[in-house]
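Could you build all of it, start to finish, from the sequences and the hints given here?
The chain contents come next:
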Amino acid sequence: MTDSKGLMSGTRVLMSGNHAVGEGAIRAGVRAYYGYPITPQNELTAYMATWLPEHGGVFIQAESELAAINMVFGTALTGARAMTSSSSPGISLKQEGISYMAGCELPGVIVNVQRGGPGLGNIAPSQSDYWQATRGGGHGDYRTPVLAPHSVQECFDLMPVAFDLADRYRTPVVVLSDGRLGQMMEPVELHEFRPAGDLPPKDWALDGCKDREPRRICSLRLKGNELELLNLRLQERYTEIGRDEVRYETIKTAAADLWLVAYGSSARICKEAVKRGRTAGLKLGLLRPITLWPFPSLPIAEAAASGVDFLVVEMSLGQMVEDVRLAVEGRSRVEFCGRAGGSVPGVDEVLDSARKMIGS
Amino acid sequence: MEERLIISGFGGQGILFSGKLWAELMMHQGHHVTYFPSYGAEVRGGTCNCSVIASDDEIAMPVIDVAASLIVMNQPSLERFAPLLAPGGLAVINGSMVELRGPLPGRVVYSPPATEMANELGNVRVANVIMMGVYSAAGGLADFDAVSAQLGRMLRGRKEHLLEINRRAFAIGQEWMAGHAPDADA
Chain W
1 MTDSKGLMSG TRVLMSGNHA VGEGAIRAGV RAYYGYPITP QNELTAYMAT
51 WLPEHGGVFI QAESELAAIN MVFGTALTGA RAMTSSSSPG ISLKQEGISY
101 MAGCELPGVI VNVQRGGPGL GNIAPSQSDY WQATRGGGHG DYRTPVLAPH
151 SVQECFDLMP VAFDLADRYR TPVVVLSDGR LGQMMEPVEL HEFRPAGDLP
201 PKDWALDGCK DREPRRICSL RLKGNELELL NLRLQERYTE IGRDEVRYET
251 IKTAAADLWL VAYGSSARIC KEAVKRGRTA GLKLGLLRPI TLWPFPSLPI
301 AEAAASGVDF LVVEMSLGQM VEDVRLAVEG RSRVEFCGRA GGSVPGVDEV
351 LDSARKMIGS
Chain U
1001 MEERLIISGF GGQGILFSGK LWAELMMHQG HHVTYFPSYG AEVRGGTCNC
1051 SVIASDDEIA MPVIDVAASL IVMNQPSLER FAPLLAPGGL AVINGSMVEL
1101 RGPLPGRVVY SPPATEMANE LGNVRVANVI MMGVYSAAGG LADFDAVSAQ
1151 LGRMLRGRKE HLLEINRRAF AIGQEWMAGH APDADA
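Residue numbers (our numbering), protein chains in the order written: chain W, 1 to 360; chain U, 1001 to 1186.
Among these hints, one or two may not hold up.
Stated by the list, open to error - No more than 35 angstroms apart at the CA atoms, straight line, and that leaves these computed lysine-lysine pairs for DSBU-like: (1) U:Lys1020 <-> W:Lys275; (2) W:Lys356 <-> W:Lys223; (3) U:Lys1020 <-> U:Lys1159; (4) W:Lys275 <-> W:Lys252; (5) W:Lys283 <-> W:Lys356; (6) W:Lys252 <-> U:Lys1020.
By construction, these hints were calculated from the structure, which means they are not laboratory data.
Below, the structure is given as structure tokens:
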């Protein structure tokens, strides 16, 4: 295991995606990690077990996924940065806790290293939890910002972004990785992180009420229209997030006939497809959402209005493609290429689909 | 420079160690690197493989569909990965355990008896590093000093007693390579 304490900023270290998430979280100031084992995210739990206590934080291997998310809930109440991680079936188990955190307006970070589903499924990489991640996941009228790294460096870099978003908007934030990204290793350039300077004070935290009025945080809201008021406040915040927090990357989209749209590991496949396609005379570009919610609808809508067609590539049978279609609103063609159940589309499959679209 | 290497064999043959050795070495030489292991249900005696890509350019996809080089430690690995080897590609196969049952036309094949060589050295578990010695010498991408330094970075603390034999294993692989031509019937 890579030595967390001895790592100097500015050095390049060969790390797995799972370890990079852990190192990023530690450097983002996470104070508590609660987890329960499941492949393919175990290396993250192991990393936190080894290194978080060395940095003065708390590591607990909980008795279940439910316990782990409720420990995050409890820590978040005190204002400290807390996180949990799991893989798809385990994330399903955490949804109740995530909904409660959304209802209590509490920050926290949940990492999902996706594997094949539905059910217990398999341990191969997948992206079939897109809907669960971007539509709230649990019960109630809520959303969670979703960050989707596509490289080990980004696994590291997006962790402080996740914690800052969580604190800024008082919301759980999902980091959506997958088995391939979690297991692969790449060099990571390590940085120091500091929380953003303009984060609001946690004047709601239950951190001891000596010399002040006691505070109360409760998920049950029975009085009058207080629950509707909460929902309206949340929606206002989601509008703000949708306006200010969209992140994406574009590659060779200027003068492209066809835009591929893909995130995470699929985006890596598509980067290769753009490269090989261009060599073969196919004018391909790639739009890679980094935030899956809020979704980069605007650049897609603008491109659609100028006549660009889209090929959406996912390790599922088509989930994000619905967000692309919502953005396009029928103004241009949107097709899909994907594999399910832990299978991963190959570059040739993507190029075949692209050829069919360009040729027809 | 771009090298796409698949290393494959039984779990316990040091496949992932070899892959990490190569990936870290290439990183220290300033290249972009990706390393992707098979993962999950692997156990000692099961199958195991990893893909290492090193390139001067940013690497798009970490999984190899066309390989420039193969290091093959057991028979099932040859059957599985030989079809991915590009024309002109390099295959280093463990001659002690792998039989080349059909020709690999247009590919360069070396078959060092790595398991026997490792046994002679006193530890069968360094066969993987002997293979890396042959591979490095055949591909010309790393010399002894660089690999020796990398082994030193990886075999520290309670693994330090394994450093010397691994360095010798690498050197023996390089020496074997110097005295052998590619398999004529490949």
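* Asked: Which of the numbered hints above does this structure break?
  -> 2
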